[in-house]
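On the provided structure of chain A, position chain B as indicated by the hints.
Going down the list, the sequences are from chains A and B.
Numbers 1 to 111, taken from this note's numbering, label the letters of the first sequence in order.
Numbers 1 to 169, taken from this note's numbering, label the letters of the second sequence in order.
Where hints are given, some of them may not hold.
Said to hold, decoys possible - Stretch by stretch, here's where chain A covers chain B in the computed footprint (C-beta under 8 Å, at least three residues):
1) 36-45
2) 80-88
3) 142-152
What the hints assert, rightly or not - Think about it this way: if two alpha-carbon atoms lie no more than 25 Å apart in a straight line, the pair counts; the simulated SDA-like pairs of lysine to any residue are:
4) Lys72(A) with Leu93(B)
5) Lys72(A) with Gly21(B)
6) Lys138(B) with Leu93(B)
7) Lys72(A) with Arg13(B)
8) Lys72(A) with Gly17(B)
9) Lys72(A) with Glu14(B)
10) Lys72(A) with Lys138(B)
It is worth saying that the hints were derived from the structure and are not from the lab.
Small disclaimer: the values here were computed from a predicted structure and weren't measured.
The C-beta atom is built at its ideal place from N, Cα and C for all residues, glycine as well.
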Amino acid sequence: MIRKTKNDAELDDFGRFSEPALLILVSLAEGPRHGYSMTEDIEAIADVRLGPGTLYGALARLEARGLIEALKSEDRRNPYRLTTLGERALRARLDSMMAVARTGQRRLANA
Amino acid sequence: MNWLLQLYPARWRERYGEEFGAVLASQRASVGLVLDVLGGAIDAHLYPQLQNSNPKPIKEEDTMTLLMLQRCSAGGPKLSPRDQRIASFFMILSALVMAVLYIALTKIYHSVPAVQAVGYASFPALCLVYGEAAYLRKRRGLTQVFILLGGLSGMYLFILAVCVIGNRF
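Chain A on its own, in the form it takes in the complex (with noise of 0.2 Å):
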């Protein structure tokens, strides 16, 4: 069972978006990024291509419950960026992420 703590449960009631939505906040990580630059970035890390569909219903997830605000932009593609709360969910939920991974490992190496 992986412990939760409050801030990684910003990311438990996703559903099918779960997956997504942590993939749009490692991106975002990085800086502020508009729709189409996020699909690239997470194709690149993860080898994953996600649809519009699948992006818009992740990001308006993320955008009301405040884990990112898209910022104002003169072309018509709106930049997103991480909130602090945001920040503080995906950091949370990759320290999850890691211990579970670590204990893993070292159950596969004493195997």
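Just chain B, lined up with the frame of chain A:
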């Protein structure tokens, strides 16, 4: 492929339509892409509340200004339609009361400085009433009474003094 956008709710298209179209146009047409967009459209219809969270993107430089305005205006510059309606109702009601009061005082006391001051003070008083009803309605009752009565009294006395001095020349 942009015709697929029509499957989304109007409010969703208004918020995300342009950038969604840009991402859609950048991807190669495939059955998987169509299914993904269809799934997204169903999701957007099932969860319309997701489109209400942040309808307009904020400018980076707006953030600090908004925070400062929220501090200064004791309730925030973003008045809800309900707050606006309540504040407007109080302002209209106050305007009617002030008008009746001014007419009655003029009939009884004619144009003495105290009555003139009521007439001159009516417009700023309405602004004060609107501001109080809009921004301070959720504050403690005592705070509201202090600001409203204190503000009205101070303003009336100042205008009265101006009228008295003005009538001497």
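Results of checking the hints against the structure:
Here the region 36-45 of chain B counts 8 residues with a CB under 8 Å from a CB of chain A, which clears the bar of 3, and the coverage holds. Counting residues of the region 80-88 of chain B whose beta-carbon sits less than 8 Å from any beta-carbon of chain A gives 0, not enough to reach three: the coverage restraint is violated. For a cut-off of 8 Å, the count of residues in the region 142-152 of chain B with a CB near a CB of chain A stands at 0, and the three-residue condition is violated. Distance check on the hinted pair: Lys72(A) and Leu93(B) sit about 40 Å apart at the alpha-carbon level, beyond 25 Å; violated.
Under the criterion of a C-alpha separation no larger than 25 Å, the hint pairing Lys72(A) with Gly21(B) is consistent with the structure, at around 17 Å. Taking the CA atoms of Lys138(B) and Leu93(B), the gap is about 20 Å. The hint holds against a cut of 25 Å. For a cut-off of 25 Å, the pair hint linking Lys72(A) to Arg13(B) stands: about 17 Å separates their Cα positions. Restraint check for Lys72(A) and Gly17(B): the C-alpha separation of about 15 Å stays at or below 25 Å, so the hint holds.
Pair hint Lys72(A) plus Glu14(B) holds up; C-alpha atoms about 15 Å apart against a cutoff of 25 Å. Only pairs whose Cα atoms come within 25 Å are accepted, and Lys72(A) paired with Lys138(B) is rejected, the gap being roughly 32 Å.
In summary, the numbered hints that this structure violates are 2, 3, 4 and 10.
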